[in-house]
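J.: Spelled out from the first residue to the last, the chains are:
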Amino acid sequence: MKPRQQRMLAVGLAALGIAIAAGLTLRAFQDNMMFFVEVSDVAAGKYPKERNFRIGGLVVGGSVQRDEGSIDIRFEVTDTACTVPVTYSGVLPDLFREGQGVVAHGRMGEDKVFAADKIMAKHDEDYMAPEVADSLSKHQQDIQQAVAKGAVECGTSDS
Amino acid sequence: MWKWFHQLASPPHFYRISLILAPWLGISGLILVAYGTWQGLFVVPMDYQQGDAFRIIYVHVPSAYLSMMAYMIMATSGAIGLIWRIKLSHAVAAAAAPIGAGFTFLALCTGSIWGRPMWGTWWEWGDPRMMSELILLFLYFGYMALRSSIDDTTKADKASAVLALVGIVNVVIVHFSVEWWSSLHQGQTVFKKGTMDADMRIPLFIMLIGFTLLFGSMLLRRIRTEVLYRERRTRWVREMILSPGGGA
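Quick mapping for you: the protein sequence lines, in order, are chains A and B. Numbering follows numbering that gives the first Met the number 0, with no gaps: position 114 of the first sequence is 113. Numbering follows numbering that gives the first Met the number 0, with no gaps: position 220 of the second sequence is 219.
No wet-lab data here; the hints were simulated from the structure. Every residue gets a Cβ at the ideal spot worked out from N, C-alpha and C, and that includes glycine. One thing to keep in mind: the hints can contain errors.
[What the hints assert, rightly or not] Rough simulated footprint, nothing fancy, chain A against chain B, three-plus residues with beta-carbon under 8 angstroms:
(1) 44-51
(2) 108-118
(3) 125-131
(4) 162-170
(5) 178-184
Generate coordinates for the entire structure from the input sequences, incorporating the hints supplied.
T.: So this is what it looks like as structure tokens:
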């Protein structure tokens, strides 16, 4: 084997070794790499009990309740299968609205209500002009229907 | 083809070619970026949710793409230098690092400025996309620090090439972070169908090409200085400097 081929082999094997090591490490830390916990996992009780974590999902349409004269807000998040109620008191990001993806940071209460201390809006990968978006509001209705249908599935699978 | 390739790897030949090529890349890049900026700021309609804030995408996406592109160029030329012992390719790797670090910094800054009004946060520790892009910046810093800490150029080339190769893992993570894990950062837009209207997407592609051309021009200019320094004791450099044109 020529020295050049030896070097090629050495670099190739080293790269392969690093790739495998990195892959295994990432697999081991899979849960820690997640930025938020899915709503279904939270509903099934798979979340950190004694510490803060983030929950991510869509704001259920019509679920947002604001207290008159205060900044307290209560709403439900869903992943189209399960829903979890969230309470929050503070400033909301511009993109917060019903049907919008949000990430809430906080802690799960005894009453199974998620008490958030920070709300972030999650933007999706779609960009379009306002007039195009109007004609696409059907998309929102589809989400609502999926939410209504999914809530039943979540209840039956959990009980 | 191979002959042309070997010729290109010879420093004096590369030096002459880059002298001709760099201004053209720079000028065409500037024209495209100017056109794309005008389109992005004044012509493109605003986004249905984000309003005008989305326009930062025309700087953010090209910077983020180049932050990874520069790293891949740096690592690949490092590997070529290790295997084929081509001196020029190590010069390419050394020249690419600061430019890549610059674009990484720009991507992080523009993302943060956009994130404050849209997400409601400047920075989130724990988001895989943000963390891996920050690690990319630190990898660039580490690479440059390693290079400058070793006096012997040949040794510095080898050591930094190995570091660059190991760091490729992180570039893969940056790219797939939004698919493998849940994140605050949104998923892929640019090369996915139906995610962006054509009148928003086309200026983005113009910016991508323009940024790439500008990057090419910057890279060539930096390689040229790197080559001059590395070959400072050779005859061709001396002859060129002493020649009537002075090697401008």
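J.: Taking the hints in turn, state whether each one holds.
T.: Comparing the hints with the structure gives:
no., hint, result
1, 44-51, "holds (count 6)"
2, 108-118, "holds (count 3)"
3, 125-131, "holds (count 3)"
4, 162-170, "holds (count 4)"
5, 178-184, "holds (count 5)"
Violated hints: none; the structure is consistent with every hint.
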